[in-house]
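For the protein sequence lines, the chains are A and B, in the order given.
Its first residue numbered 156, the first sequence is counted upward by one per residue in this note's numbering.
Its first residue numbered 28, the second sequence is counted upward by one per residue in this note's numbering.
Please note: incorrect hints may appear among the correct ones.
[Claimed, not checked] No farther apart than 20 Å at their CA atoms in a straight line, the calculated lysine to aspartate or glutamate pairs in the EDC-like style are these:
| no. | chain 1 | residue 1 | chain 2 | residue 2 |
| --- | --- | --- | --- | --- |
| 1 | A | 235 | B | 179 |
| 2 | A | 406 | A | 389 |
| 3 | A | 287 | B | 279 |
| 4 | A | 248 | B | 272 |
| 5 | B | 212 | B | 279 |
| 6 | B | 197 | A | 379 |
| 7 | A | 248 | B | 177 |
| 8 | A | 406 | A | 355 |
| 9 | A | 342 | A | 375 |
| 10 | A | 236 | A | 222 |
| 11 | A | 338 | A | 288 |
| 12 | A | 343 | A | 362 |
| 13 | A | 210 | A | 167 |
| 14 | B | 197 | A | 355 |
| 15 | A | 406 | A | 394 |
| 16 | A | 210 | A | 222 |
| 17 | A | 273 | A | 335 |
| 18 | A | 342 | A | 383 |
| 19 | A | 289 | B | 279 |
| 20 | A | 236 | B | 179 |
| 21 | A | 248 | B | 179 |
| 22 | A | 248 | A | 313 |
| 23 | A | 338 | A | 319 |
| 24 | A | 248 | B | 279 |
| 25 | A | 406 | A | 254 |
| 26 | A | 188 | A | 173 |
| 27 | A | 210 | B | 179 |
| 28 | A | 188 | A | 335 |
| 29 | B | 193 | A | 254 |
| 30 | A | 210 | B | 177 |
| 31 | A | 190 | A | 222 |
| 32 | A | 220 | A | 272 |
| 33 | A | 338 | A | 375 |
| 34 | A | 405 | A | 389 |
| 35 | A | 289 | A | 272 |
| 36 | B | 193 | A | 167 |
| 37 | B | 191 | A | 355 |
| 38 | A | 338 | A | 318 |
| 39 | B | 191 | B | 177 |
No lab work stands behind these hints, which were simulated from the structure alone.
As a plain string of letters, each chain reads:
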Amino acid sequence: MKENDFYINVNDLTHIYETRTGDVLALEDVSFKVKKGEFFVILGPSGCGKSTLIKILSGLLTPTKGDVFVNGQRVVEPLKKVGIVFQSPILLKWSTVAENILLPVTALGLPVKDYIDKVDELLELVGLQDFKDKYPRELSGGMQQRVSIARALILEPDFLLMDEPFGALDAITRDVMNFELLKIWEKKNQTILFITHSIDEAALMADRVMVMSPRPGRVEYSVDIELERPRTLETRTTEAFRRYVADLYKKLDITHMK
Amino acid sequence: MIKDFWYRYKQVLIPLITFIGLLVFWQMYVIVKQPPRFLLPSPVDIIETIREFGNGWFSHVEFTISATLLGFIAAIVFGVLAAIGIVWSKTLDAAITPILVVLQVVPKVAFAPLLFIWFGIGKHTIVIVTFLVAFFPIVINMTLGLTQIEPELLMLTRCYHMSKFKVLTKIRIPNSIPNFFSGIKVASTLAVIGAIIGEFVGSNVGLGYLVIIANNNLNTPLAMASILIISIFGLILYYLMVLIERFCMPWEEPEPLFQKKEEPIC
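Chain B with its partners taken away, still in its complex shape (with noise of 0.2 Å):
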């Protein structure tokens, strides 16, 4: 019956208990060893930390989210209107595609301060910074799934005379739904950096703020407080673009969460 249990749940048994196990020795070698707070804090330091500071979290918490998923939204749509633009017109994609590699080559964060200077110190900001960041792997893996098509299938569409139009409508952007989706995972997880990096540049609310601050004042309990809380929200994000996912492809084979019962090596 254990067996069972095990063999169903290993894949995630097995990472959580190693988590586990990790934070009771860092808890024990504090507890030994008693470095000083602000070089090491232990597990339970750091969760005081989250429960003092109480209320207080509210503000920079919702800062930090809702600048996220603005940037992400926006990266989202204007990502796939830009992936289509590419595949629908060749003097599109010649005129936006050294644009988008150049976006893409130049480091954010020697870019950001550029950013507030021209567009002024605030959210609206950060957002753009978050927009920048996440844009190109969306263009990138929709460009492909739009043309990655089997020629036999451009073939027959050409012999029952589809427009281009239909054939965008029926056949690209179906077919780029896989690639939809892995290309939002990805932006999903760098739209958080991009937050993340706008608020070190010009910010003076959210998690990414409190990072700077805390470090600044040597409370390293609360900066690592802060970036427990930015990497929940990482994951959480990322895995709910998982779940939609999985909710927006009913023909295909899911990823199964638990092993499934073991599989004889044939």
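So here's chain A without its partners, still in its complex pose (with noise of 0.2 Å):
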């Protein structure tokens, strides 16, 4: 495949933080590639450099070295079309959900009046129509969520950035959340890059998934999960699955040891 096939190009990132004790080496070396519609799931434990690198991709901090490319243009600032989904839905409390998803509206001072339908649609999208004008402190953590997810999508951004975003869910949510990201993602097939350290979670999410072992953070290993779609409870019982499973915890242990 050649290097302009690929959607997001990311090249020999090396990150240093200066502080008080001495410098901090946060990423090094991480290169990756990611294609156009593909969801592609970072698998790291804590330390890996995750932070960084999350904020690199979006351009809110330039690396040390390296650089990244998406959809062929180099990030040097920060992006306004990347939907950024964090581990805490992060809404604001005093607006309601319509209000919500259109902050990244609001915020970059586009009229209003032409995403309005783009609101419904989205509410649609992750199931709660009966919602709109209601304020976040009403709503579930799930439902927050995916309200969350939503105003991701509202600019119809480049790609989405996902730092664990199930991640403070109970164990029952998580899956049904899982579920519905596949199904969105079926939907309107946004490249997704989606970080996590459960295993199980990126076995059956992703196309691809890359392993990275901590501080300071690396690749340490990448694999093309090839299981058929779409996804579905019965995909997790599955010998594949669980062959990939295996091989992940594998990976991540050697990391460990060294």
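With the hints as a guide, bring the two chains together.
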């Protein structure tokens, strides 16, 4: 595959934080490529530099070395059209669900009336049509996170950056949200960079998994997950799935022993 | 039926009954022990005194209330402006904050006489004292509310290239509204105290002035009556703030004034 067949190109990212107690190497020679419409999972424990990686990928931080190309363009400043979903929903509690989804629009000074229909469309996509005028405090954690996803999608972003978006939810809701997200992805086919430290989640959702190891953060291993789509509850019981999971477990273990 | 009534209103009924009980006990004690009036007047004495004083109250009550409110409102306006200034500019922060701390640390009782020497005796100086007392909690709480924002939210604002001003108006200020009201509630009680202190030091009218005069003349019923009226005013002002807070935050779960149905412990 030629270089420009990839939608996102990350080349030799290295980042050093200068602190009072000395330099901290957060990322070391991180390189990877993501295809358009791919569900790309970054799997790694805490300390693998993922916050740094997120800030660099969204243009909020300039790396000490290396660069990022999105759709052929070098990332040099905060990307307006990246949709970020964090571990906590980060909604404005004084605004309604609809107003929260429109935050990127009002923040960028774009005309709200152009996006009203899109809000309704997204509410339907995430299953919250009846909650348009409710306040965040009236929603459960999973529902708030769905609003956060809708907000990330309002500007039709180049790609979605998701940092352990379901990590704060209980196990059952997390499962529900996993399949919800896959449904949304199958409809919209966004390019998704999904960060997690759940091996099961990674194998279930991903087209491709990249394993990172911590201190400093570096790429340990990458593998294509060639399981049939759509992925279902049955997928998790198949032999192939369990082999992928076992394989990923082993790869993560090795990095801990280093 | 009575049981339901009790459950619903017991949060208000219990203190009310306790209070009435204490009043009754107090009244009985005075009737039985007959202490001298200047030492311990009875509740009835105090009510009598209030009635006797009649129209005389008006000028004093009006003075204290207006001085308190003027100082309080000034504290709100300048408190909010100062907080916004501190958050907007690091230079302003470095310049203002030490002065604020000094203002807070110096006891106003010690400071007040100086103020009267500098600004002259009169209502305006009392308003200044009130202002100084109520100002600090408002600034502190407001500043907290303006800055206590999740880092991820600030990340989002940077992604959307939001200007500093936009972040202030769309994010910081709405975020600070609960803290604003915390500050105001505290400041309202302090404002009343400030006005009274001001009157103690340099006034010839007002409820605080009355307390001093009454004490000097051993007119304990009058002193206690004045204190009672001051307390009532303070209470009303405080709960007025609580009401306004409820009105301004439709997105918050309001704290129930009366207890709802008894909830089982899971």
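Verification of the supplied hints:
{"no.": "1", "hint": "A:235 <-> B:179", "result": "15 Å, holds"}
{"no.": "2", "hint": "A:406 <-> A:389", "result": "25 Å, violated"}
{"no.": "3", "hint": "A:287 <-> B:279", "result": "17 Å, holds"}
{"no.": "4", "hint": "A:248 <-> B:272", "result": "16 Å, holds"}
{"no.": "5", "hint": "B:212 <-> B:279", "result": "17 Å, holds"}
{"no.": "6", "hint": "B:197 <-> A:379", "result": "43 Å, violated"}
{"no.": "7", "hint": "A:248 <-> B:177", "result": "12 Å, holds"}
{"no.": "8", "hint": "A:406 <-> A:355", "result": "14 Å, holds"}
{"no.": "9", "hint": "A:342 <-> A:375", "result": "32 Å, violated"}
{"no.": "10", "hint": "A:236 <-> A:222", "result": "18 Å, holds"}
{"no.": "11", "hint": "A:338 <-> A:288", "result": "24 Å, violated"}
{"no.": "12", "hint": "A:343 <-> A:362", "result": "16 Å, holds"}
{"no.": "13", "hint": "A:210 <-> A:167", "result": "16 Å, holds"}
{"no.": "14", "hint": "B:197 <-> A:355", "result": "39 Å, violated"}
{"no.": "15", "hint": "A:406 <-> A:394", "result": "18 Å, holds"}
{"no.": "16", "hint": "A:210 <-> A:222", "result": "12 Å, holds"}
{"no.": "17", "hint": "A:273 <-> A:335", "result": "19 Å, holds"}
{"no.": "18", "hint": "A:342 <-> A:383", "result": "17 Å, holds"}
{"no.": "19", "hint": "A:289 <-> B:279", "result": "12 Å, holds"}
{"no.": "20", "hint": "A:236 <-> B:179", "result": "16 Å, holds"}
{"no.": "21", "hint": "A:248 <-> B:179", "result": "15 Å, holds"}
{"no.": "22", "hint": "A:248 <-> A:313", "result": "27 Å, violated"}
{"no.": "23", "hint": "A:338 <-> A:319", "result": "18 Å, holds"}
{"no.": "24", "hint": "A:248 <-> B:279", "result": "8 Å, holds"}
{"no.": "25", "hint": "A:406 <-> A:254", "result": "43 Å, violated"}
{"no.": "26", "hint": "A:188 <-> A:173", "result": "28 Å, violated"}
{"no.": "27", "hint": "A:210 <-> B:179", "result": "10 Å, holds"}
{"no.": "28", "hint": "A:188 <-> A:335", "result": "26 Å, violated"}
{"no.": "29", "hint": "B:193 <-> A:254", "result": "16 Å, holds"}
{"no.": "30", "hint": "A:210 <-> B:177", "result": "15 Å, holds"}
{"no.": "31", "hint": "A:190 <-> A:222", "result": "17 Å, holds"}
{"no.": "32", "hint": "A:220 <-> A:272", "result": "42 Å, violated"}
{"no.": "33", "hint": "A:338 <-> A:375", "result": "30 Å, violated"}
{"no.": "34", "hint": "A:405 <-> A:389", "result": "23 Å, violated"}
{"no.": "35", "hint": "A:289 <-> A:272", "result": "18 Å, holds"}
{"no.": "36", "hint": "B:193 <-> A:167", "result": "36 Å, violated"}
{"no.": "37", "hint": "B:191 <-> A:355", "result": "42 Å, violated"}
{"no.": "38", "hint": "A:338 <-> A:318", "result": "19 Å, holds"}
{"no.": "39", "hint": "B:191 <-> B:177", "result": "16 Å, holds"}
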